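From first to last, the protein sequence lines are chains Z and P.
Under the working numbering, think of the first position of the first sequence as 586, with each following residue one higher.
Under the working numbering, think of the first position of the second sequence as 4, with each following residue one higher.
Heads up, a few of these hints could be off.
What the hints assert, rightly or not - Mimicking DSSO-like on lysine-lysine, the simulated pairs with C-alpha atoms at most 30 Å apart in a straight line are:
no. : chain 1 : residue 1 : chain 2 : residue 2
1   : Z       : 660       : P       : 50
2   : P       : 102       : P       : 183
3   : Z       : 638       : P       : 183
4   : P       : 50        : Z       : 638
What the hints assert, rightly or not - Every beta carbon over 10 Å from chain P, so not counted as near; a handful from chain Z, in silico:
no. : residue
5   : 586
6   : 588
7   : 608
8   : 610
9   : 611
10  : 612
11  : 614
12  : 615
13  : 617
14  : 618
15  : 637
Treat the hints as calculated values from the structure; they're not laboratory data.
Owing to the predicted nature of the structure, the values given are computational and were not obtained by experimental measurement.
Don't be surprised by glycine CBs; every beta carbon is placed ideally from N, CA and C.
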Amino acid sequence: MNLWPSCRDVSRELSATRDHGDGLNWPTRFHLLICDVCRRVRLQFDVLGGVVKSATGFGPTLSVDAKERIRRALK
Amino acid sequence: MISDPATWVDAHDDRLFSYALSRIRDERAAEDLVQEALITAFQARDKFAGQSAELTWMIGILRNKIFEHLRRQSREASLSLDKDGEHEELNFENGRHWKPEFEPRDWGLEPQRSAESAEFAIALRNCLDALTPSVSRAFVLREMEGVESGRCAEVMGVPPNHLAVLLYRARMRLRRCLEKNHFAPGPA
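Excised from the complex, chain Z in its bound form:
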């Protein structure tokens, strides 16, 4: 375990812990206590993971041709 992780190490650790489900190790937690920027990264990774699931309201809609094709397929 790296006892004095850098911001780079912490950003990697923050990403990895979102996926393997383990808690943050204590050097990372300590780093977060003293580093505003890395706390921001943590929050931003959390926001990314939370908001993208519901972000489906993109502008483009199904084309007229595609609608027609699907209507025919459903008959």
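Chain Z is already provided as a structure; the job is to place chain P on it using the hints.
Chain P in isolation, oriented as in the chain Z frame:
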């Protein structure tokens, strides 16, 4: 009770299409997946138990189609990690601390609320489009579809540590891109 399939296209197509398009980068492929999902729903309509809304049931079918699509794409893609990982290293001074010009900025008090807007959806799509295909697929599977990481690696045909690298790249790039284009636009 399920509605008349003749009304499905008008009732659900745009929601299904925007769902598919938010997860894959190709409009034509998204159209095909919506069509496949609606045909599957049509064939299985007798099994619809009415325990969820019709649209929710159809999105469940569409999710499986998207999952299969991403699996196929991963099989066809090269499994090697590209060299563009150096991109992330540019954020850090001597590989350690954030360079001032790349330091993450404050996203405001309620970033979740800000992310409910149509502008966010467009910014997210543009940022996802800017990712390399394998990085984008990893992010879509893991964060948008909520696939457990072991399964995600299996679907993508990559070792877990390779997936971790892809997800790290995705998060770092999306973070930066959304910050520049949505949350905190400005000189930087």
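Structure-based check of each hint:
no., hint, verdict
1, Z:660 <-> P:50, "holds, 19 Å"
2, P:102 <-> P:183, "holds, 16 Å"
3, Z:638 <-> P:183, "holds, 21 Å"
4, P:50 <-> Z:638, "holds, 27 Å"
5, 586, "holds, 17 Å"
6, 588, "holds, 14 Å"
7, 608, "holds, 16 Å"
8, 610, "holds, 15 Å"
9, 611, "holds, 19 Å"
10, 612, "holds, 14 Å"
11, 614, "holds, 18 Å"
12, 615, "holds, 15 Å"
13, 617, "holds, 13 Å"
14, 618, "holds, 16 Å"
15, 637, "violated, 5 Å"
Checked against the numbered hints listed earlier, the structure breaks hint 15 alone; every other hint is satisfied.
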